[in-house]
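Below, each chain spelled out in residue letters.
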Amino acid sequence: MAEDKLRLGALELTSRLIHGTGKFPSSGVLAAAISGSGAEMITLAVRRLHLDGDHKSELEALDLAAYTVLPNTAGATTAAEAVRLARLARAAGLSNFIKIEVVGDPMTLLPDPIATLDATQELVADGFTVMPYCSDDVSLCLRLAAAGATAVMPGAAPIGSTMGVLNPFNIRAIIERCPVPTIVDAGLGSPGDATRVMEWGAAGVLVNTGIAYARDPAAMAAAFAAAVSAGRSAFLAGLAEHRPAGGYGASSPEEGVPAALVPAIR
Amino acid sequence: MSQAWVGPSQSEVGRARRAQLRIARLYFVTDDATPEESLPALIRDVVAGGVEMVQLRRKGVDVAELAELARGCRTICHDQGALFLIDDHVELAAAVGADGVHIGQTDLGPIEARAQLGADALIGLSTHSSEQVLRAANQPVDYLSAGPVHATPTKPGRPAVGFEHVTAAAMRSNLPVVAIGGLGRGTAAAAVSAGADIVAVVRALSQAPDPKTVAQDLKAELEAARSWVRLQVNGEERKCPPGASVLDFLERVGVAQDGIVIERNGEILRAVDLGKTELTSGDELELVHLVGGGKDDG
Chain A
1 MAEDKLRLGA
11 LELTSRLIHG
21 TGKFPSSGVL
31 AAAISGSGAE
41 MITLAVRRLH
51 LDGDHKSELE
61 ALDLAAYTVL
71 PNTAGATTAA
81 EAVRLARLAR
91 AAGLSNFIKI
101 EVVGDPMTLL
111 PDPIATLDAT
121 QELVADGFTV
131 MPYCSDDVSL
141 CLRLAAAGAT
151 AVMPGAAPIG
161 STMGVLNPFN
171 IRAIIERCPV
181 PTIVDAGLGS
191 PGDATRVMEW
201 GAAGVLVNTG
211 IAYARDPAAM
221 AAAFAAAVSA
231 GRSAFLAGLA
241 EHRPAGGYGA
251 SSPEEGVPAA
261 LVPAIR
Chain B
1 MSQAWVGPSQ
11 SEVGRARRAQ
21 LRIARLYFVT
31 DDATPEESLP
41 ALIRDVVAGG
51 VEMVQLRRKG
61 VDVAELAELA
71 RGCRTICHDQ
81 GALFLIDDHV
91 ELAAAVGADG
101 VHIGQTDLGP
111 IEARAQLGAD
121 ALIGLSTHSS
131 EQVLRAANQP
141 VDYLSAGPVH
151 ATPTKPGRPA
161 VGFEHVTAAA
171 MRSNLPVVAI
181 GGLGRGTAAA
191 AVSAGADIVA
201 VVRALSQAPD
211 PKTVAQDLKA
221 ELEAARSWVR
231 LQVNGEERKC
241 PPGASVLDFL
251 ERVGVAQDGI
261 VIERNGEILR
271 AVDLGKTELT
281 SGDELELVHL
291 VGGGKDDG
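Chains A and B supply the protein sequences, listed in that same order. Counting from 1, one number per residue, gives the positions in the first sequence under our numbering. Counting from 1, one number per residue, gives the positions in the second sequence under our numbering.
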């Protein structure tokens, strides 16, 4: 397993869990969760500085240098806004990575696929390592990969919904068809959701709300880490294929059942 | 940070008054030492000389007696396009159709005054300390006065706060700042350099042998003074002294440069350029940093 790394451009990660940093009750809880998850990559957003009052950050308990920062363009509703936020994020000097997020519908927070593709093209041309958060659509993911995305990040369910994988067929199709790593983002609510997509061969998952809103975020972060690891191991081990009922036969030998019990079973 | 108060139900009248306030430079506050019968002619002269705002201030006079004088002064001001405000007496301001009222820290509060006068009236508030400026932040106020800059017989016993308080008010509030207290020719420009938008004078005009000429001189002095630069910073109006660089501005608002990305008029500034980039009026700055999550995160 030592060789099983997640490759994102020039970067190699051992942990396939990307950790979100929003909505945590405190900086200390956030730091404990990230630490408990073993995540090596964390997301950050670009926001205006509050000019008045204290400038205390929810990130103060974190050593940002210990992680690869994946800034996002959350808040953008157009490709131009996403491009602008990406450039501001890069100017902060922490990372050349960008997770494109362009919300197309404020009600569901589902992404705008066309704006996402436009922003991907522009930011790839500008030298960013681009990881677009996108709809769970295989054609779109192929287009994003062709446009130079380093990975695609289809949503399992609407952001923050914790509804799990709403369209397993689509997510599996993307994993199988896409030439770049598929990192399942958004909507994963339980460690079981993460295991499921990892078993299918997802390259990684991004989790935020499922950890941040757990009763014990640090313990849940560790549970997600174990789940991602279990799912990855299962994928590498090769799942037994589904067969029609009884296809592989019973697990226990059918021969040699003591005769006296046979009538009772039947 | 005080924001300009915008009435929820402001009409054309309120909009016109606030537009006048925004461009006003010279404010005449009447002197108790001026005999009542001389006031109309004095106001006519100083407004003709360039005064854009007049405040009728009479201490220890019965409100009923003041009404007639106030109506006369209002007519003179309005005929010549100047704003007319009344000190302290909120009901009187409403009754005589003044453009607004100026209240002190011990008078009726801005919220009560606003409730009585409605959205269209201008309300000015005296401040003598930074705390009072900050406290005005969420009050329905249109301008702040800052003073007394110098000790003045108009306000016996009140210690002078100097130009430092004018600067503090300009830094801490987006509202127009009126410097007041012993100001006149030779000191008016210094008040503008310290951050005042408007300079209020009392004796400089009330005791002038030729008030119109002095008003003209003061107006010329104010117009020649280099006023503070007005910026939009993260969508808020901000002010800074002329010649200030982006780095100077950050230091003044107490923001550490570390981890902050600054965009000026759509262009990201390199850290090495912050000290070299001089701010000019109308500049739009965005100050951003990386924070946890964002509402849209997975």
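One or more hints might be untrue.
Claimed, not checked - Derived list of chain A stretches under chain B, where covered just means 3 residues or more per stretch with a C-beta under 8 Å from a C-beta of chain B:
id	segment
1	131–141
2	162–171
3	219–227
Stated by the list, open to error - Distance condition first, Cα-Cα at most 20 Å in a straight line; then the derived SDA-like pairs of lysine to any residue:
id	chain 1	residue 1	chain 2	residue 2
4	A	LYS23	A	GLU58
5	A	LYS23	B	VAL291
6	B	LYS212	B	ILE76
7	B	LYS276	B	GLY235
8	B	LYS276	A	ALA91
9	B	LYS59	B	ASP32
Hints in this document: simulated from the structure, not taken from any laboratory. Quick caveat: nothing in here was measured; it's all calculated off a predicted structure. Using N, Cα and C, we set each Cβ at its ideal position, and we do this for glycine too.
A quick look at each hint next to the structure:
no.	hint	result
1	131–141	violated (count 1)
2	162–171	violated (count 0)
3	219–227	violated (count 0)
4	LYS23/A - GLU58/A	10 Å, holds
5	LYS23/A - VAL291/B	11 Å, holds
6	LYS212/B - ILE76/B	15 Å, holds
7	LYS276/B - GLY235/B	23 Å, violated
8	LYS276/B - ALA91/A	18 Å, holds
9	LYS59/B - ASP32/B	7 Å, holds
Of the hints listed earlier, those the structure fails to meet are numbers 1, 2, 3, 7, in rising order.
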